[in-house]
Amino acid sequence: MCFGLAFLVYELSQSHNTLSIVKQLHALTIKYHLSFDPFYATKIIRLYALNNDLHSARIVFDRIPCRSVYLWNSIIRAYARAHQFNHALCLFSQMLRTEIEPDNFTFASVIRACSDYLDEVDLRVVHGRVIIAGLGSDSISSSALVRAYSRVRFVDEARRVFNGMPKPDLVMWNSMVSGYGSSGCWDKGLELFRRMQKMGERPDGYTMVGLLSGLWEPSLLQVGKGIHGLCLKNGFESYAHVGSALVTMYSRCGCLSSAYGAFNSQSLPDLVQWSALITGLIQSGACEEALLLFREMNLKGQKADAISIASTLAACARLAMMGPGREIHCYVIRHGFELEVMVSSALVAMYSKSGFAGLGFRVFKAMSKRNTIAYNSVISGLGSNGLASFAFDMFNEMLEEGFQPDQSTFSALLGTCCHAGFVKDGWDLLRRMEKEFNIEPSTEHYVYMVKLLGMAGEFEKAYQLIHSIPGYTDSGVWGALLSCCEVHGNSELGEVVAHRLFEIAPDKSAYRVMLSNIYASNGRWNDVKSLRDDMMEGGLRKMPGLSWT
DNA sequence: ATAGGGTTAG
1 MCFGLAFLVY
11 ELSQSHNTLS
21 IVKQLHALTI
31 KYHLSFDPFY
41 ATKIIRLYAL
51 NNDLHSARIV
61 FDRIPCRSVY
71 LWNSIIRAYA
81 RAHQFNHALC
91 LFSQMLRTEI
101 EPDNFTFASV
111 IRACSDYLDE
121 VDLRVVHGRV
131 IIAGLGSDSI
141 SSSALVRAYS
151 RVRFVDEARR
161 VFNGMPKPDL
171 VMWNSMVSGY
181 GSSGCWDKGL
191 ELFRRMQKMG
201 ERPDGYTMVG
211 LLSGLWEPSL
221 LQVGKGIHGL
231 CLKNGFESYA
241 HVGSALVTMY
251 SRCGCLSSAY
261 GAFNSQSLPD
271 LVQWSALITG
281 LIQSGACEEA
291 LLLFREMNLK
301 GQKADAISIA
311 STLAACARLA
321 MMGPGREIHC
331 YVIRHGFELE
341 VMVSSALVAM
351 YSKSGFAGLG
361 FRVFKAMSKR
371 NTIAYNSVIS
381 GLGSNGLASF
391 AFDMFNEMLE
401 EGFQPDQSTF
411 SALLGTCCHA
421 GFVKDGWDLL
431 RRMEKEFNIE
441 PSTEHYVYMV
451 KLLGMAGEFE
461 KAYQLIHSIP
471 GYTDSGVWGA
481 LLSCCEVHGN
491 SELGEVVAHR
501 LFEIAPDKSA
511 YRVMLSNIYA
521 SNGRWNDVKS
531 LRDDMMEGGL
541 RKMPGLSWT
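Mapping the first sequence onto this note's numbering, position 538 (from 1) lands on 538, and the numbers just tick up by one.
These are calculated hints, taken from the structure and not from any lab test. Since we're looking at a predicted model, the values are computed, not measured. Using N, Cα and C, we set each Cβ at its ideal position, and we do this for glycine too. Errors might be hidden in some of the hints.
Beta-carbon label-pair distances, calculated as ranges [claimed, not checked]:
(1) GLU288 - GLY358: 53 to 63 Å
(2) GLY476 - TRP216: 19 to 29 Å
(3) GLU288 - ARG160: 43 to 53 Å
(4) ARG124 - GLU288: 45 to 55 Å
(5) ARG124 - SER20: 39 to 49 Å
Below, a list of computed lysine-lysine pairs in the DSSO-like style, where the Cα atoms sit at most 30 Å apart [what the hints assert, rightly or not]:
(6) LYS461 - LYS435
(7) LYS369 - LYS23
(8) LYS198 - LYS233
(9) LYS369 - LYS303
(10) LYS198 - LYS188
(11) LYS303 - LYS365
(12) LYS435 - LYS424
(13) LYS435 - LYS369
(14) LYS365 - LYS424
(15) LYS461 - LYS424
(16) LYS198 - LYS167
(17) LYS303 - LYS23
(18) LYS198 - LYS225
Start from the sequences, fold in the hints, and give me the full structure.
Below is the structure:
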C-alpha cells in the first residue's frame, strides 16, 4: 500500500481536518477509484459538511449512482446542520421515492429541519412516517420529536411522545426537560427532573442546561440559585455550556453580580460565555459596561464572531454612540464580517439610531445578502429619521425581492407614518397587514395608529379605533391617546381617558402628570391643585414638572 | 440522536 492510500484511510477517520485537506482527500479517493464507493463518499460528504462546503458535498452526492442509507443521511444532515432546510426536506422526499428506507438517523435530521423551518402540521406528517417505519419507540427519532414538538410550542404533544417510551434513556429525559425549559414551563421541567432522579437516572450537564434555560425572570432567581447549587454539587459547573447557561440565567433574572460570579468562576471563559455576559449587561441597560467588556475580551485575545459583534453593536445603538460603533465597523470590514446579515443589520441600526440614516442606508446598499430583519432595520432607520418616502421604497423593494414582512416590519412602517404624519398610509398599512399578509396587529401597532390619529387631531377616529380592538383594555393604547390629548390640550377627552387609565393602572403616576398638564394648558388651576392633593394622599410626594406652581 | 451567547421593531 502506497503512502497516499494510508494517508487517506487515516485522515478519513479524523474529524478535525481543514477544507484544503478534505479537498486533497477527495482527490485521493478519485485517484484510487474509490470515489463511487458509498463508504468513502459518505466520509467525504461528512468532512465537506463539517467544513461548511455544502456545494462540494452535494457534487459528491450527485455523482454517486448507488446510494446507501448512510449516504442519504450524510447529505440530509449536512443541509439540516447548515439550516438549509428546504434542501434537506427536498432530498428527503427524493429519498422516499427510492427503494432505500429511511432509518432513525434520517428521521432525526429531517425532524430537526421541521422544527426550525416548518410548522406543527408537517411535523405530524413526519411523525406519522416514523410510526409507519416502526420507529415509534426508537429513542433517537423520538427524542428528536420531543425536541421538535417543544420548539414549535406543542409541549403536550412532546410529552405524549415521551410517555410512549417504555424506558426513556438519558437523552430522552434531557430532551423533555429542556423542552419544558424552552416552552416556559420551568416548574414542569423541575418536576420531571425529580421524577428522573427518583427512577435512578443520573442527570448530566445537558439536564442542567435544560432546567436553567426555562428561568427567564427575576422572580425565579431563587430557583436558579438552587439549580446552580446542584451543578456545583455534581461538578457540572466546569462544563462550558453549563457555565454560559448560568451566566444567561442570572442576567435574565436581573442578578448581574451573580452573572459576573458565574463568569469569573470559569478558568478560561470562551466566546459564548463572554457574549452571554455582554448581552446580559445590555439587557439590564448597562451598555457602557458592555462596551468595556467587549474591549476587554478583545484585549484578552478572545476573537469576536458575528453574534458577539451584532450584540455589541446593539449596545452602541442604544447609547446612540457613533464612536465605538464606527470602530467596530472598521473591525467588521477588516475581518470580513460585513458579509454576515446579522452584523450588517446591526450596523444599519447603529448608524440610524445615532442620527446618520444616510450612513446606515449605505451599509444596507452594500449588503450582498439580505433578509427580513435587514429590511426591517433599514426601513425603521430611514423612517425614524424622517425619510418616509425612502422607507416606503425599501418596503416595496423588499416585497419585490420576495421577503415576507413580519410584525416588526409593520411596526417600523407605522412608526414611519407617525414621524411623517401620514394618516392615510397608516390606515392602508393596518388594513394590508391583516388582509394581504395575514399578520394580526398587536398592541404596539394600535399604539402607533392611535398616536398617528391623535397627533393629527382626529380624536374621534382614534377613540373609535381603540373600541374596535378586541380586548381593548390594554393601557398602552389609552396612554398613547392621553399623550396626544396632552399635546393638543384636549381636556374633554383627556379627562375621560385619564380616568379610564386610573382604573386600569392606578399606580401609574405618569398619567396623573399628563392629566395635570392638560388642565394646566387650559388654565384650570383648581383642577391641577386637587389632582396634586390626590397624589399627595396617595403617597406620591413629588410631582414632576409642576414645581413652579 | 440532546446542550450555551443572537441582529430589526417595541
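Evaluation of the provided hints:
no.	hint	in the structure
1	GLU288 - GLY358: 53 to 63 Å	violated, 26 Å
2	GLY476 - TRP216: 19 to 29 Å	holds, 21 Å
3	GLU288 - ARG160: 43 to 53 Å	holds, 49 Å
4	ARG124 - GLU288: 45 to 55 Å	holds, 49 Å
5	ARG124 - SER20: 39 to 49 Å	holds, 44 Å
6	LYS461 - LYS435	holds, 21 Å
7	LYS369 - LYS23	holds, 27 Å
8	LYS198 - LYS233	holds, 18 Å
9	LYS369 - LYS303	holds, 24 Å
10	LYS198 - LYS188	holds, 15 Å
11	LYS303 - LYS365	holds, 27 Å
12	LYS435 - LYS424	holds, 17 Å
13	LYS435 - LYS369	holds, 29 Å
14	LYS365 - LYS424	holds, 29 Å
15	LYS461 - LYS424	holds, 12 Å
16	LYS198 - LYS167	holds, 14 Å
17	LYS303 - LYS23	holds, 27 Å
18	LYS198 - LYS225	holds, 22 Å
In this structure, the one hint that does not hold is number 1.
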